[in-house]
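Can you make the complete structure from the sequences, with help from the hints?
One letter stands for each residue in the lines below.
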Amino acid sequence: MKYVEEYRDPELVRKLRVALQNTAEKKWNVMEVCGGQTHTIMKYGINDLLPPNLNLLHGPGCPVCVTPIEYIDAAIEIAMNENVILASYGDMLRVRGSNFDLLSAKGNGADVRIVYSPLDAIKLAQKYKEKNIVFFAIGFETTAPANGQAVLLAKRLELKNFFLLSAHVLVPPALRLLLRDNRTKINAILAAGHVCSVMGYEEYIDIAEEFGVPIIVTGFEPTDILEGILMAVKQLEKGITRVENQYRRVVVKEGNIEGKKIINQVFNVVDRAWRGMGIIPQSGLEIKEEYSDYNALEKFPLTFKENINNKLVCIAGEVLRGIKKPFECLYFRKECSPEHPIGAPMVSSEGACAAYYHYYKNKTLTYE
Amino acid sequence: MNNELSCPLPMNEYDKVLLAHGSGGTLSNKLYNDVIFSELMNEYLYDIHDSAIVTSGGQKIAFTTDSYVVKPIFFPGGDIGKLAVFGTVNDLAVVGAKPSFISCGFIIEEGLLMSELKKIVHSIFEASLKANVKVVTGDTKVVEKSKGDKIYINTSGIGIFDREILISPKRCKDGDVIIINGYIGNHGIAVMLEREGITFESKIESDCAPLNDLISNILNIGIDVHMMRDATRGGVASVLNEIAKSGNVGILLYEENLPIQEEVKSACEIMGFDPLYVANEGKVIIVADASDADKIVSIMKQHELGKNAAVIGEVISNNAGVVTMKTVIGTTRIVDMISGEQLPRIC
Numbered sequence: 440m441k442y443v444e445e446y447r448d449p450e451l452v453r454k455l456r457v458a459l460q461n462t463a464e465k466k467w468n469v470m471e472v473c474g475g476q477t478h479t480i481m482k483y484g485i486n487d488l489l490p491p492n493l494n495l496l497h498g499p500g501c502p503v504c505v506t507p508i509e510y511i512d513a514a515i516e517i518a519m520n521e522n523v524i525l526a527s528y529g530d531m532l533r534v535r536g537s538n539f540d541l542l543s544a545k546g547n548g549a550d551v552r553i554v555y556s557p558l559d560a561i562k563l564a565q566k567y568k569e570k571n572i573v574f575f576a577i578g579f580e581t582t583a584p585a586n587g588q589a590v591l592l593a594k595r596l597e598l599k600n601f602f603l604l605s606a607h608v609l610v611p612p613a614l615r616l617l618l619r620d621n622r623t624k625i626n627a628i629l630a631a632g633h634v635c636s637v638m639g640y641e642e643y644i645d646i647a648e649e650f651g652v653p654i655i656v657t658g659f660e661p662t663d664i665l666e667g668i669l670m671a672v673k674q675l676e677k678g679i680t681r682v683e684n685q686y687r688r689v690v691v692k693e694g695n696i697e698g699k700k701i702i703n704q705v706f707n708v709v710d711r712a713w714r715g716m717g718i719i720p721q722s723g724l725e726i727k728e729e730y731s732d733y734n735a736l737e738k739f740p741l742t743f744k745e746n747i748n749n750k751l752v753c754i755a756g757e758v759l760r761g762i763k764k765p766f767e768c769l770y771f772r773k774e775c776s777p778e779h780p781i782g783a784p785m786v787s788s789e790g791a792c793a794a795y796y797h798y799y800k801n802k803t804l805t806y807e
Numbered sequence: 003m004n005n006e007l008s009c010p011l012p013m014n015e016y017d018k019v020l021l022a023h024g025s026g027g028t029l030s031n032k033l034y035n036d037v038i039f040s041e042l043m044n045e046y047l048y049d050i051h052d053s054a055i056v057t058s059g060g061q062k063i064a065f066t067t068d069s070y071v072v073k074p075i076f077f078p079g080g081d082i083g084k085l086a087v088f089g090t091v092n093d094l095a096v097v098g099a100k101p102s103f104i105s106c107g108f109i110i111e112e113g114l115l116m117s118e119l120k121k122i123v124h125s126i127f128e129a130s131l132k133a134n135v136k137v138v139t140g141d142t143k144v145v146e147k148s149k150g151d152k153i154y155i156n157t158s159g160i161g162i163f164d165r166e167i168l169i170s171p172k173r174c175k176d177g178d179v180i181i182i183n184g185y186i187g188n189h190g191i192a193v194m195l196e197r198e199g200i201t202f203e204s205k206i207e208s209d210c211a212p213l214n215d216l217i218s219n220i221l222n223i224g225i226d227v228h229m230m231r232d233a234t235r236g237g238v239a240s241v242l243n244e245i246a247k248s249g250n251v252g253i254l255l256y257e258e259n260l261p262i263q264e265e266v267k268s269a270c271e272i273m274g275f276d277p278l279y280v281a282n283e284g285k286v287i288i289v290a291d292a293s294d295a296d297k298i299v300s301i302m303k304q305h306e307l308g309k310n311a312a313v314i315g316e317v318i319s320n321n322a323g324v325v326t327m328k329t330v331i332g333t334t335r336i337v338d339m340i341s342g343e344q345l346p347r348i349c
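Line order of the protein sequences matches chains A and B.
Heads up: the first sequence begins at 440 in our numbering, then just goes up one per residue.
Heads up: the second sequence begins at 3 in our numbering, then just goes up one per residue.
No more than 20 Å apart at the CA atoms, straight line, and that leaves these computed lysine to aspartate or glutamate pairs for EDC-like: (1) B:K328 to A:D487; (2) A:K482 to B:E271; (3) A:K482 to B:E258; (4) B:K328 to A:E445; (5) A:K441 to B:E265; (6) B:K149 to A:D550; (7) A:K545 to B:D151; (8) B:K267 to A:D448; (9) B:K328 to A:E444; (10) B:K147 to A:D550; (11) B:K73 to A:D559; (12) B:K18 to A:D550; (13) A:K441 to B:E271.
In case anyone wonders, no lab produced these hints; they're calculated from the structure.
In structure tokens:
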């Protein structure tokens, strides 16, 4: 597979490993922000390649994991309407709201469809004119332009039956929150390459300066991650703290200008609750007044109820902040598995708990 | 909304059957154990395999059944009719039996085009010729429009044992090789792409094929096959996990040896699937003594269904019950049982 396998080259991996061993002298904690990166780290056993004084912390970058329970409740409530088709990414179906998940709503007669893109939801709206199609728009900056584009397209096509339930969240405000939290001991950050492909990395420059941490815009293949870590460690050892771009083949400083335009055109930045992390100021995207005809929350007035069932049963919040590792949870691999997820990070394939569940080598196993 | 680090308990028990109960993963197992085996368990069911092995009038026979609900009913490389014949033939062949007779039960939705039904029945005829089995009994039922999805087919099959053979995960031992007869993941991806309307420059076709001829070529020269399974729903990873668990052995795969078609690799990369978990309909995994490895691979390569045969791993004494894999970058990781992810109705 051209343009992918080059980044899984064993010889390059070996060189990066040696370089890391020669560079890292002190003890450092490096946080990868994105769940996709966590997945690669676990899938390829990247931890095994690092010298023992380097520790990877897993960040909150799993969109399914951080989507607040109130939005799942809202999606379920909307889906239970007679005339509605709720279109969602598959991962979202198994995350429980206050009482049940979208999969159960489907079992109870709701029309819930799995789609791969908001454009599929637009197609549904064209096909089922008599139904209201609601797309559950979750995710970070990466998916926001496509979802904004869907709203613009719906307007252009004069669709009266397409609505977006926007649960979008933004990465930089969450990073600030993590860096302020003195329980997390983050020395450097690998920023999510795909988020930066849309947003660029100008907004990370202030963060690196304010908190004194190197931030490396990093890709998702094994050699990307190793190189990202190496770039971070080089800075740390020299006492430098600035933004660098490892993912140069995809990311430019100013990001995707057209994509950012669409986000600004369709969405407002608002305060937003993150699952496991609480309300983070200016960290969410809501549909602008101008496009309120396409806002599911306008079409289906809901009351966001205070979530009273928020029992402290798993450590998802601490996992999402990099304070604890999944295997430190009492429920990990026991009561909690991808079939029976207790916390959202076990549901999504990008969740840290699921990545550890699938790939983490239990200490009792032996290897050559 | 509170600011605590929290996450709520999920529902663990469902009071209705969900699609995920048919995924072949852990929810399916829960359904079998809690609902079906709890009522029906007996000495034949106890030995869970692709076919039951029963004795009648002194003759040992293999008996199996399977239902086919694939959507769409026609897909690149096959259709529901061909799948229904080959699936059942393969379930018989992998226990070492010679597939002989099969039944065909059709549940047809009102409104199915007669031409499509004819095409499917013709495909069943051709498949039975190719697999050298006879359709000896059958049934048709028609249900009202919208109460089915065009057509469902159930096939049962009987296979005769014409040799003494013991295929069991318990026979897997340290040092045994794990061999597969070719590309993995083609069936699941072909059906998925057809259903989603995604096209690639070169077509990905289902590997849907009868394995009995290939398998008998191997058994005929007297190779002692320790364990054999066709890697259908849940893919190679799920089958190997089952073997590791029931044989109480460790299995080590070599990622660089896995035969995967370039297009399937790309499709999986784009859609986020792992080919190890994607269904096959013409792939057999054979576990045998390392000294037989070359012979098995060379016999496979002489057969049209084994051109890309490869040794993909070995049985190890460490890590009993667990499948691990040496990755392309030289690290080792776990290859777990299928869970969460699923491609519904691929067979």
